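A.B. asks: As a plain string of letters, each chain reads:
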Amino acid sequence: MDVQSMELFSSMLAIVASAGVLVVVGARLASRRSSVARQLSEGLHGVSTWLAWLVAAVSTAGSLYFSEVADYVPCRLCWFQRICMYPLAGILLVAALRRDRSVKWYALPLAVAGLGVSTYHYVIEWKPALGDGACSVGPSCTDIWFREFGFVTLAFMAWAGFAVILALLFVTPASSRSVDDGEHMNSTSEMFD
Amino acid sequence: MTTKKTTTNTNSTRLVVAAIVVAIASALIVAVVAGGGSSDDDVAPVTTSSTAVAPGAAAENQPVVVDGMALEPLTDESADPAVGLTPPTLSGASFDGSELSITPGQGGDVLLVFLAHWCPHCNAEIPVILDWQANGMIPEGLSIVGISTAVSADRPNFPPSDWIASKGWSWPVMADSVDQAAAAAYGVSGYPFMVIVGADGTVKGRTSGEKGLEFLDAWVRSTLG
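Quick mapping for you: the protein sequence lines, in order, are chains Z and U. Numbered as in the numbering used here, the first sequence ends at 197 without a single skipped number. Numbered as in the numbering used here, the second sequence ends at 383 without a single skipped number.
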């Protein structure tokens with residue numbers, strides 16, 4: 005797959021992730037009135053940690069592809085977002101294997117910080133004047149390597165990743181709340197027996 | 159009841175996983191089929207090799223000979239150690255290959271404007287400078303020279319020769335070398351970057367970043383004294 009195909013593919017994944025946020029939240033909100041929404045919400049909840057890990061892993065792999073293969077040089081803000089996303093790929097995998105839903109509290113600072121940085125990055129891509137007023141001699145954070153569908157950039161992809169991770173970890177069906185918060189199942193024995 | 163609910167949840171989970179797999183697979187298929195073609199963002203590979211450009215040949219990068227001590231990169235505009243120093247002489251060429259030299263002290267006060275074609279702030283600054291000119295606000299005796307630097311074929315608005323012409327830039331433009339020798343010589347720390355060299359051949363002031371019309375005019379006038 006060439007770089008342009010990868011740009012298109014990753015952009016579509018970002019759109020799917022953004023839609024995923026709406027689906028997760030919408031299903032939760034409608035679950036009290038709709039059995040379909042309730043089933044969807046519970047179905048998502050069943051794999052939410054794995055999905056969150058998948059998003060983090062794909063985001064990590066994608067960012068490395070664009071910097072190491074496509075030679076898109078990360079700017080300062082890109083590095084801050086990487087600092088937030090890369091550890092999530094590790095801790096969410098461990099949490100998924102251990103079925104430890106309390107991971108959401110450990111993931112929260114990273115995901116929120118990443119969401120904030122990616123939001124700012126996306127805004128200054130559209131409004132460079134809101135940034136620091138100058139393009140850096142090295143890679144510039146107002147420089148746009150590509151913009152698919154007129155709005156999907158690398159910063160948007162990061163934003164979508166952080167947003168859907170937060171939605172998957174924190175939007176839970178009402179029936180699961182008493183189980184999730186601060187608890188995890190006897191994961192090791194259940195996982196490997 | 160519990161068994162039925164567990165079964166329902168399992169089926170729901172499987173449906174969710176299946177839907178996600180289908181979505182990802184569909185995206186992959188579309189990307190492979192639709193991607194890989196040319197697009198408006200595509201640009202031809204730039205032939206700005208580090209090897210010497212034939213004298214007089216047109217190129218987006220031109221060789222630049224730096225004669226003199228390079229200025230330190232600007233870090234603090236309020237306490238710029240370069241003020242009062244004699245900057246290096248730059249001997250280069252325009253995009254069309256015609257010779258262009260920037261010799262401190264020759265030709266009176268000069269405003270050097272370092273521009274990168276892909277930089278949004280440079281794109282915003284050129285109209286400001288043009289407004290400055292249109293309003294008759296340029297101090298008498300001040301000449302302006304643009305320096306196109308940080309040229310990159312895979313970034314927006316390439317080639318810079320077309321870009322700067324399309325922006326309406328009417329002053330001479332030096333094409334910096336591939337390794338940005340001119341920018342390095344003047345301590346460029348960001349784009350756009352402006353340097354005022356006085357008629358006495360010394361640096362009067364340097365500034366980095368996008369400036370509004372009022373700030374630009376006030377800065378130039380206060381720097382020239």
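Note that these hints are calculated values from the structure, not bench results. These figures come from a predicted structure and were not determined experimentally. Watch out, some of these pointers could steer you wrong.
[What the hints assert, rightly or not] Over 10 Å on every C-beta distance to chain U, these chain Z residues come out as not near it, computed from the model:
#1 Phe13
#2 Val25
#3 Ala61
#4 Glu72
#5 Phe84
#6 Leu97
#7 Gly120
#8 Tyr124
#9 Pro132
#10 Val141
[Stated by the list, open to error] The following label-pair restraints were derived from C-beta to C-beta distances:
#11 U:Gly294 x Z:Arg80: 49 to 59 Å
#12 Z:Pro113 x U:Val190: 30 to 40 Å
#13 Z:Ala65 x U:Asp225: 28 to 38 Å
#14 U:Ser324 x Z:Ile95: 45 to 55 Å
#15 U:Ala282 x Z:Arg80: 12 to 22 Å
#16 U:Glu235 x Z:Pro113: 14 to 24 Å
Beta carbons: idealized from backbone N, C-alpha and C, even for Gly.
A.B. asks: Are the hints correct? Go through all of them and say.
C.D. replies: Against the structure, the hints come out as follows:
With a closest Cβ-Cβ approach of about 3 Å to chain U, Z:Phe13 is found to fall inside the 10 Å limit, against its non-interface label. Annotated as non-interface, Z:Val25 keeps its C-beta farther than 10 Å from every C-beta of chain U; the closest such distance is 14 Å. Every Cβ of chain U is farther than 10 Å from the Cβ of Z:Ala61; the closest lies at roughly 13 Å, confirming the non-interface assignment. The beta carbon of Z:Glu72 is kept farther than 10 Å from every beta carbon of chain U, the shortest such distance being approximately 16 Å.
Against the 10 Å criterion, Z:Phe84 stays outside the reach of chain U, whose nearest CB is about 19 Å from its own CB. Taking the minimum C-beta to C-beta distance to chain U, about 17 Å, the non-interface status of Z:Leu97 holds against the 10 Å cut. Listed as a non-interface residue, Z:Gly120 keeps its Cβ farther than 10 Å from every Cβ of chain U; the least gap is roughly 22 Å. For Z:Tyr124, the non-interface assignment is confirmed: its Cβ lies about 15 Å from the closest Cβ of chain U, beyond the 10 Å cut-off.
Consistency note on Z:Pro132: stated as away from chain U, yet its beta-carbon is not over 10 Å from all of that chain's, at 4 Å minimum. Not every CB of chain U lies more than 10 Å from the CB of Z:Val141, the least distance being 6 Å, so the non-interface label is violated. Checked against the hint of 49 to 59 Å, the pair U:Gly294 and Z:Arg80 fails, with Cβ atoms roughly 40 Å apart. A C-beta distance of roughly 37 Å is found between Z:Pro113 and U:Val190, which places it inside the suggested range of 30 to 40 Å.
A hinted range of 28 to 38 Å for the beta carbons of Z:Ala65 and U:Asp225 is inconsistent with their spacing of about 49 Å. Separated by about 50 Å at the C-beta atoms, U:Ser324 and Z:Ile95 satisfy the suggested range of 45 to 55 Å. Range check, U:Ala282 to Z:Arg80: Cβ separation about 21 Å, and the 12 to 22 Å hint holds. Distance hint for U:Glu235 and Z:Pro113: a CB-CB separation of about 36 Å, inconsistent with the stated range 14 to 24 Å.
The structure is inconsistent with the numbered hints 1, 9, 10, 11, 13, 16, although it conforms to all the rest.
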